[in-house]
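Protein chains in written order, with my numbering: chain V, 1 to 329; chain L, 1 to 281; chain E, 1 to 337.
Treat the hints as calculated values from the structure; they're not laboratory data. We put the CB at the ideal spot given by N, CA and C, even for glycine. Heads up, some of the hints might be wrong.
Stated by the list, open to error - Covered by chain E, per the in silico footprint, the following chain V stretches (three or more residues, Cβ under 8 Å):
#1 93-101
#2 163-174
Unchecked claim - Just the calculated beta-carbon pair ranges, DEER-fashion:
#3 E:I2 <-> V:P108: 33 to 39 Å
#4 E:L13 <-> V:F156: 27 to 33 Å
#5 L:R79 <-> E:E63: 42 to 48 Å
#6 E:Q50 <-> L:P226: 31 to 37 Å
#7 V:P108 <-> L:R177: 38 to 44 Å
#8 L:P197 <-> E:V62: 41 to 47 Å
#9 L:A98 <-> V:R282: 44 to 50 Å
#10 E:V92 <-> L:N181: 57 to 63 Å
#11 E:L61 <-> L:G245: 33 to 39 Å
What the hints assert, rightly or not - Every beta carbon over 10 Å from chain E, so not counted as near; a handful from chain V, in silico:
#12 E11
#13 K36
#14 R71
#15 G75
#16 G76
#17 P108
#18 V190
#19 P275
#20 L286
#21 P305
#22 W320
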Amino acid sequence: MNDAPPLLSVEGFGLEFRTRSGTVHALDGVDLAVRKGETVGLVGESGSGKSVLSFALLGISDRAARVTGGRAAFGGLELTRASEADLEAVRGREIAMIFQNPRTALNPIRRVGAQIEDVLRRHTTARAAELRERAIAALREVNIPDPERRHAAYPFELSGGMCQRVMIALALACRPALLIADEPTTGLDVTTQAAIMDLIAARARATGMATLFITHDLALAAEHCDRIVVMHAGHVVEAAPTAALFAGPRHPYTAQLIRATPAAESTIDALAAIPGNLPDLRRADLPACRFRARCARASARCDAPLPRLAPPPAHAVACWHPLDEARCA
Amino acid sequence: MRAALRHARYVLSDNPVTLAAFVLFSGFVVLAVAGPWLAPYDPLATDTARAMQAPSLAHWFGTDALGRDILSRIVVATRLDFGIAVSAVALSFALGIALGLAAGFFGGWWDRVILRLADTIMAFPLFVLAMGIVAALGNSVANIVYATAIINLPFYIRVARAEAGVLRNAGFVEAARLSGNGDWRILSHHVFPNILPPAMVQVSLNMGWAILNAAGLSFIGLGVRPPTPEWGIMVAEGATYIISGEWWVAFFPGAVLMLAVFCFNLLGDGLRDIIDPRRRT
Amino acid sequence: MIRIVALRLVGALPNLAGVVVVTFLLTRALPGDPAAFFAGAAASAEAVEQIREKLGLNRNLVEQFGLYLRDLARGDFGQSLSTGQPVLTELVSRLPASLELTFCALVFATVVALPLGVAAARRPGSWIDHLCRLVTTAGVSLPTFFTGLLLAYVFYFLLGVAPSPLGRLDPVFTPPPPVTRMYLIDSLLAGEGTVFRACLAQIALPAVTMGLFVLAPLARMTRASMLGVLSSDFIRTARAAGLASPTVLYTYAFRNALLPVVTTLGMVFSFLLGSNVLVEKVFAWPGIGSYAIESLTASDYAPIQGFVLAMGVLYVLLNLAIDLLYGLIDPRVRLEA
Chain V
1 MNDAPPLLSV
11 EGFGLEFRTR
21 SGTVHALDGV
31 DLAVRKGETV
41 GLVGESGSGK
51 SVLSFALLGI
61 SDRAARVTGG
71 RAAFGGLELT
81 RASEADLEAV
91 RGREIAMIFQ
101 NPRTALNPIR
111 RVGAQIEDVL
121 RRHTTARAAE
131 LRERAIAALR
141 EVNIPDPERR
151 HAAYPFELSG
161 GMCQRVMIAL
171 ALACRPALLI
181 ADEPTTGLDV
191 TTQAAIMDLI
201 AARARATGMA
211 TLFITHDLAL
221 AAEHCDRIVV
231 MHAGHVVEAA
241 PTAALFAGPR
251 HPYTAQLIRA
261 TPAAESTIDA
271 LAAIPGNLPD
281 LRRADLPACR
291 FRARCARASA
301 RCDAPLPRLA
311 PPPAHAVACW
321 HPLDEARCA
Chain L
1 MRAALRHARY
11 VLSDNPVTLA
21 AFVLFSGFVV
31 LAVAGPWLAP
41 YDPLATDTAR
51 AMQAPSLAHW
61 FGTDALGRDI
71 LSRIVVATRL
81 DFGIAVSAVA
91 LSFALGIALG
101 LAAGFFGGWW
111 DRVILRLADT
121 IMAFPLFVLA
131 MGIVAALGNS
141 VANIVYATAI
151 INLPFYIRVA
161 RAEAGVLRNA
171 GFVEAARLSG
181 NGDWRILSHH
191 VFPNILPPAM
201 VQVSLNMGWA
211 ILNAAGLSFI
221 GLGVRPPTPE
231 WGIMVAEGAT
241 YIISGEWWVA
251 FFPGAVLMLA
261 VFCFNLLGDG
271 LRDIIDPRRR
281 T
Chain E
1 MIRIVALRLV
11 GALPNLAGVV
21 VVTFLLTRAL
31 PGDPAAFFAG
41 AAASAEAVEQ
51 IREKLGLNRN
61 LVEQFGLYLR
71 DLARGDFGQS
81 LSTGQPVLTE
91 LVSRLPASLE
101 LTFCALVFAT
111 VVALPLGVAA
121 ARRPGSWIDH
131 LCRLVTTAGV
141 SLPTFFTGLL
151 LAYVFYFLLG
161 VAPSPLGRLD
171 PVFTPPPPVT
181 RMYLIDSLLA
191 GEGTVFRACL
201 AQIALPAVTM
211 GLFVLAPLAR
221 MTRASMLGVL
231 SSDFIRTARA
241 AGLASPTVLY
251 TYAFRNALLP
261 VVTTLGMVFS
271 FLLGSNVLVE
281 KVFAWPGIGS
291 YAIESLTASD
301 YAPIQGFVLA
311 MGVLYVLLNL
321 AIDLLYGLID
331 PRVRLEA
């Protein structure tokens with residue numbers, strides 16, 4: 001790893017939703033860094049705030065969302081303070097994003113080629129005559145067979161896996177420096193999943209692109225990521241290089257998460273579910289450690305504000321009673 | 001039931017507009033029931049000496065070309081207008097639910113024939129079909145009721161058919177059938193009660209439209225005949241004067257008609273929120 | 001494309017047949033003596049007998065239906081008692097006036113309702129959303145004949161900005177040379193600017209009256225479907241790809257939101273054609289609606305039957321056009337055919 005400043009650096013980021021049934025404290029004090037060319041996994045249960053964070057970074061949050069603090073810098077741009085016009089210029093060109101359910105994530109009544117051309121037209125100086133060629137080239141890069149013909153297809157004429165390839169082509173058309181992949185394989189069958197993950201990895205290698213890979217599937221993250229960041233209830237609880245994290249998880253939640261992940265050799269008995277649920281994030285008196293109610297190691301000390309995470313690439317943990325690195329394997 | 005009432009109270013307190021519409025509706029019901037006793041003048045008494053008087057303290061809504069008190073005529077007309085709308089909607093409710101149930105529950109030929117009937121009615125602009133029916137059946141109030149009932153029929157058929165089609169295969173209906181209940185008993189005891197809520201929403205949304213429709217028919221001279229007071233015909237009587245400045249003859253009956261329809265539409269929206277919160281838009 | 005049109009045409013046939021059968025039944029199979037109906041209240045016994053003969057009322061219902069179809073195929077819709085003219089001739093000569101009015105009302109309603117619905121959906125809970133909700137609830141509550149009178153009173157009597165609300169053109173002007181018989185188009189074709197402006201002034205009030213009535217379903221549907229589309233996955237994708245806001249709003253959201261709106265056009269036309277009759281009466285607009293009302297007042301039934309049939313056929317054709325339009329916008333429908 002290098003010592004250059006990270007491509008994306010998020011510090012102390014907080015966000016809440018104002019809803020009719022109360023304010024949801026969705027993110028609190030989130031630290032995250034992604035360096036050039038690196039693949040970082042953002043892992044957690046659904047509702048832990050992974051997607052909320054990525055939408056907020058792109059400035060495409062729900063209307064009810066409000067950033068409550070912290071900063072998020074991408075290159076030289078302060079994302080939290082940037083104007084809508086600046087954000088629009090960065091989205092799709094510098095930071096691209098792909099989503100789950102590729103079939104509904106594409107405009108159903110627009111030809112897929114035209115959708116890629118829309119992005120190229122917006123972010124490049126390509127002349128009208130070149131747009132078609134470049135869109136076809138983008139489709140070819142994601143290994144879509146017969147891209148000239150697929151250029152004129154509508155999403156409903158393509159399979160789910162093919163739609164996700166189109167999504168990737170659309171996202172990568174402008175050679176972004178960072179790709180945020182939000183559960184890109186959910187809703188696809190297993191063989192297609194592997195092909196899509198390999199494709200993303202291959203494109204990242206080919207273009208030196210960094211990837212922030214959001215998933216609830218720890219095993220999938222382990223397979224593809226250089227580093228893993230674990231989120232729980234809007235907090236980052238642990239961040240470490242993949243190997244270190246699996247060798248010695250230090251946060252009780254991560255340890256349970258790893259135990260709950262079926263490995264090839266494990267039996268059903270070894271599958272431990274994590275007791276309890278995520279706390280209600282609408283509560284005004286959320287505990288300092290939001291894992292406290294589910295944690296066997298909790299003590300009075302856990303009422304104090306959580307310790308700050310050490311900066312990467314160190315093995316960072318936000319816990320007063322972390323597991324010993326050596327002891328847990 | 002208690003939960004439903006609590007929900008209704010919650011929706012009403014949360015939604016002052018529905019509450020206001022309900023109060024207004026109650027006012028109209030009082031007028032419809034007690035109109036003849038409440039009217040300050042005889043709605044049919046003509047007095048040429050007092051013809052075309054603008055609104056005053058004696059005649060709040062003014063007088064018409066024959067010197068009749070417009071307020072009294074509007075008040076007395078409430079019963080007729082509501083009567084037409086209520087009977088028409090009740091008719092199409094009863095017939096439409098029966099047909100829709102048969103279509104959805106028995107399927108096959110029943111379904112094809114009944115659906116074609118509904119489609120054929122819907123193939124016309126509905127007001128035009130109502131005109132044609134009244135013209136053919138003869139010019140009477142009863143025929144306005146029939147015509148209005150017929151053009152509303154498809155909506156009830158569709159609601160009942162859709163629900164019955166789903167319910168036919170629902171677990172509790174299957175259970176009732178296995179425990180030896182006949183078709184008729186299943187329809188009346190198990191399917192019909194489940195169709196009631198969406199059908200009631202349709203009723204309240206339909207009422208305003210039925211009034212509008214009936215008033216429109218009498219505006220063009222169908223059904224109600226002078227000198228019977230009725231809102232649509234009163235607007236028609238005042239139409240000739242409005243461009244010479246005597247606005248009150250047509251204005252007040254038209255405004256009351258509009259208010260009644262508005263009230264029903266608000267109630268309909270409110271009822272839909274109570275019965276089916278998911279469809280709230 | 002031709003295949004799709006042909007398919008839709010075939011699909012519309014049952015409705016067309018239904019319209020013909022219902023109009024036939026309305027005249028023949030009802031209680032009372034249809035011959036007396038058609039002869040009119042003041043007819044002599046021989047006149048009634050003559051009509052009975054002509055309509056074939058002494059034959060059975062199936063034969064009568066055959067005769068009815070034969071007459072329709074020949075373009076024989078019967079004769080008007082009051083004018084002595086064949087019904088078809090009158091309908092054809094008056095139809096352009098009605099179509100012109102209906103079309104203008106639709107344009108007005110669309111131009112107001114779509115932007116209103118879009119604006120309301122973009123900012124739920126804002127003042128424009130409340131305005132939209134008010135307009136949609138109030139709009140469907142408007143008795144068109146009453147709003148027409150009200151508008152005439154305000155804009156003609158009080159403000160004096162509208163011309164006398166009678167007919168298609170102020171009598172001081174000569175109608176433009178007939179090509180389409182729609183005055184607005186004909187006057188443009190003839191290059192008569194003043195006549196065009198006079199026609200426009202004349203059609204404004206009745207068109208707005210009708211338009212106000214159908215504005216409600218259009219705005220309501222636009223708002224609802226735009227709300228749904230704006231929160232859909234592909235809009236998020238478009239925004240994440242950094243597409244400019246107008247592109248996201250119009251090329252992506254609006255075109256998708258239009259699909260359900262096009263579907264409601266069927267109901268909108270039902271409202272429009274129905275209220276046409278009332279508005280034509282209020283503004284003495286010489287279309288087929290006022291033809292029907294004049295005949296009603298004269299107890300002249302052949303024109304009314306002809307009118308109901310013509311409206312039914314027109315409505316079926318309009319629905320066919322809506323179907324085709326839908327296919328043009330939605331590739332999923334187009335390619336399934």
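Results for each hint:
1. Check on the stretch 93-101 of chain V: 5 of its residues sit with their Cβ under 8 Å from a Cβ of chain E, so the three-residue criterion for coverage holds.
2. Restraint check on the stretch 163-174 of chain V versus chain E: 3 residues with Cβ-Cβ distances below 8 Å, three needed, restraint holds.
3. Taken as a hint, the range 33 to 39 Å is violated for the pair E:I2 and V:P108, whose Cβ atoms sit roughly 25 Å apart.
4. A beta carbon spacing of about 29 Å between E:L13 and V:F156 agrees with the range 27 to 33 Å that was offered as a hint.
5. For the hinted restraint 42 to 48 Å between L:R79 and E:E63, the CB-CB distance of approximately 47 Å keeps it satisfied.
6. Remark: the range hint 31 to 37 Å for E:Q50 to L:P226 is upheld by a beta-carbon distance near 34 Å.
7. One distance hint, 38 to 44 Å for the beta-carbon pair V:P108 and L:R177, holds here, with the actual separation near 41 Å.
8. Between L:P197 and E:V62 the C-beta distance comes to about 44 Å, which sits within the given range of 41 to 47 Å.
9. Range check, L:A98 to V:R282: Cβ separation about 49 Å, and the 44 to 50 Å hint holds.
10. Distance hint check: the CB atoms of E:V92 and L:N181 are about 59 Å apart, consistent with the given range 57 to 63 Å.
11. Range check, E:L61 to L:G245: about 54 Å between beta-carbon atoms, so the 33 to 39 Å window is missed.
12. Even its closest Cβ contact with chain E, about 23 Å, leaves V:E11 beyond 10 Å, as expected for a residue assigned away from the interface.
13. No Cβ of chain E approaches the Cβ of V:K36 within 10 Å, the least distance being about 20 Å, so the stated non-interface status holds.
14. Taking the minimum C-beta to C-beta distance to chain E, about 21 Å, the non-interface status of V:R71 holds against the 10 Å cut.
15. Non-interface status of V:G75 relative to chain E is upheld: no Cβ of that chain comes within 10 Å, the nearest being about 15 Å off.
16. The claim that V:G76 is not at the interface with chain E holds, since no C-beta of that chain comes within 10 Å of its own (minimum 18 Å).
17. Distance check for V:P108 against chain E: the nearest CB is about 7 Å away, which does not clear 10 Å, and the non-interface claim fails.
18. In this structure V:V190 is separated from chain E by more than 10 Å, as the shortest Cβ-Cβ distance comes to about 23 Å.
19. No beta-carbon of chain E is positioned within 10 Å of the beta-carbon of V:P275; the least distance is around 33 Å.
20. For V:L286, the non-interface assignment is confirmed: its Cβ lies about 28 Å from the closest Cβ of chain E, beyond the 10 Å cut-off.
21. With a closest Cβ-Cβ approach of about 34 Å to chain E, V:P305 is found to remain outside the 10 Å limit, as its non-interface label requires.
22. At roughly 38 Å from the closest C-beta of chain E, the C-beta of V:W320 stays outside 10 Å, upholding its exclusion from the interface.
Hint compliance for this structure: hints 3, 11 and 17 are not met, and every other hint is.
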